[in-house]
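Undergrad: Sequences listed follow chains A and B, in order.
Counting in the working numbering, the first sequence runs from 449 upward without gaps.
Counting in the working numbering, the second sequence runs from 2 upward without gaps.
Calculated directly from the structure, the hints in this document are not laboratory data.
If you're wondering where the values come from, they're calculated on a predicted model, not measured in any experiment.
A couple of the hints might just be wrong.
Unchecked claim - Label pairs and their computed distance ranges (CB to CB):
| hint | chain 1 | residue 1 | chain 2 | residue 2 | range |
| --- | --- | --- | --- | --- | --- |
| 1 | B | 43 | A | 639 | 21 to 31 Å |
| 2 | A | 489 | B | 279 | 25 to 35 Å |
| 3 | B | 119 | A | 561 | 23 to 33 Å |
| 4 | A | 510 | B | 54 | 22 to 32 Å |
| 5 | B | 130 | A | 476 | 51 to 61 Å |
| 6 | A | 510 | B | 79 | 22 to 32 Å |
| 7 | A | 607 | B | 119 | 46 to 56 Å |
Said to hold, decoys possible - Stretches of chain B that chain A covers, calculated by requiring three or more beta carbons in the stretch to come under 8 Å of a beta carbon on chain A:
| hint | region |
| --- | --- |
| 8 | 3–11 |
| 9 | 23–32 |
| 10 | 36–48 |
Glycine included, every Cβ here is placed at the ideal spot set by N, Cα and C.
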Amino acid sequence: MGVPAPSYASAASRRQLLLTLALTGDERRILVIGADEPADGWLPPAWRQRTEVCTSTGWLSQREEGGFEVVILPGSLGARPQAGGGRGSSPTMQLDLVRRMLAPGGVLTGHVSRPAWRARPSLSTLAASSAGGCRRLLERAGFVDVECYHVEPRLADPMALVPAGTPAARQHFIRAVERDRPQCSLPGYLVRAALARCGGGGLMQRDLVFWARRPC
Amino acid sequence: MLIRVLQIVREQGWFDLSQPFEKTIHFTRGPALWMRLSRQGRGGVHLKFSELTPLADEARRTQRASLDFPALAPRHLGHAVRAPLEVLASQALDFQAVGAATWLGRVHGVRLVDGVTGYFARMAQLSAARTTGQCRPEWFEALREFNASHPRAREVERELDRLAQALETLPAMAQHGDLVLNNLGLAEGGRLVVFDWEDYGRVDVPGLDLFTLQWSLEQEASSHDGLRDSAHRAARALVSVGCDALMLPEPVYRDLAVAYALVFRWLKRPYGVPIQQRVDRWIDSLLETRPSSS
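This is chain A alone, in the form it adopts within the complex (with noise of 0.2 Å):
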């Protein structure tokens, strides 16, 4: 049969594709802050010889301001302790560090992930992992052009990114919840109907990716 044409039939593919949409390709500096994996696992290869990986951003006071075209927040949006332990700062100071490491017009992007209740997650945890919480924290930290989007079905196996709190979104998930109609029971269908009808569509998606700029 020959070699296979390259494509992204592997979720690992689709997930390495999810964090270059929002890129031109031709950025050299690159900054993951607070991977749970190692970064081989999801990074996409090309980019491993410019990226540095640093585990909090207890580190960034140290650096320089506006040395990297991209910084990349890997599930750790609002949820990360400091480096070294201790209280740590706020979400919002956080990312206002992470801003600062962006060059002017650089690129942030990442994911989050709602956390399960058993977890016990903090109120800031729950806030960073919603589509209104997250999109408010970024704005409030003085990035620009938010995007934020619910990842269909999972981050690990993506197949659509839908674009959290407009129209598009609601008319996406009322589709999806008929197509999807074979596999559920009838309660479940009709409160999945109900809710993407209302407007909360969203709501049956765990995980987020977000990107937004550094002003110029």
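Since the structure of chain A is provided, determine the placement of chain B on it from the hints.
TA: What follows is chain B alone, placed relative to chain A:
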């Protein structure tokens, strides 16, 4: 990547980006992505884009589809290349998804099966008007080569021989190539619309589209307890009206069932192992029900 796609949209004048708009992005398991640009969740433009594969061939097919089926296919807007990025644009349509339940009822007083029958009748009309004679063999050799490594190669070879024989007499009819429930929608007024024409005309054996639609309807019906029997009846009725519209004898259609599935398997080859496995399970079930004397 999205920045460059939007630059192309602006340059080509496909959509006014100076007014607020939304972006909904779809991944596929193939080499491209889709994005819909809309306002207030309606209208707009549908973009297919890729840095992994050229889209010129698809552009040609979708353009031809929108000319051949102006009432069914989204209007083709254009194709642009800024290497390695290619973008293909078509009109975005507002639609309601189609499932087995929709199929069985009426929407705005219209039955879906009537819209689909119209599609098959139009297909037969186009074939007669083009007088291209018998099915073109170019795609058949690629099909045979691809299926040579099938785990049930000997049986598959027999089915392909059956198809080869049929191709000598059947008229060429350009097929959609992926006519399944997921690629149908209902626009305003209950008008049927059909999406994803990128394989249009890649094969021209009559009955392929009818077969994939029948399979799609039966697949969905089988996962929906309350609809199973009525959906199976509807699928059988679809075959009857579809064969009439195509002027394809039903015994010929049924005889080519496995061959149609093999063609679909070949068309779906860029979409990875999970899709391949699903189609292979389907082929296995068809081969199991094939009378041994055939």
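Undergrad: Determine for every hint whether it applies to the structure shown.
TA: Hints, one by one, checked against the model:
{"no.": "1", "hint": "B:43 - A:639: 21 to 31 Å", "verdict": "26 Å, holds"}
{"no.": "2", "hint": "A:489 - B:279: 25 to 35 Å", "verdict": "27 Å, holds"}
{"no.": "3", "hint": "B:119 - A:561: 23 to 33 Å", "verdict": "46 Å, violated"}
{"no.": "4", "hint": "A:510 - B:54: 22 to 32 Å", "verdict": "45 Å, violated"}
{"no.": "5", "hint": "B:130 - A:476: 51 to 61 Å", "verdict": "57 Å, holds"}
{"no.": "6", "hint": "A:510 - B:79: 22 to 32 Å", "verdict": "51 Å, violated"}
{"no.": "7", "hint": "A:607 - B:119: 46 to 56 Å", "verdict": "32 Å, violated"}
{"no.": "8", "hint": "3–11", "verdict": "holds (count 3)"}
{"no.": "9", "hint": "23–32", "verdict": "holds (count 10)"}
{"no.": "10", "hint": "36–48", "verdict": "holds (count 5)"}
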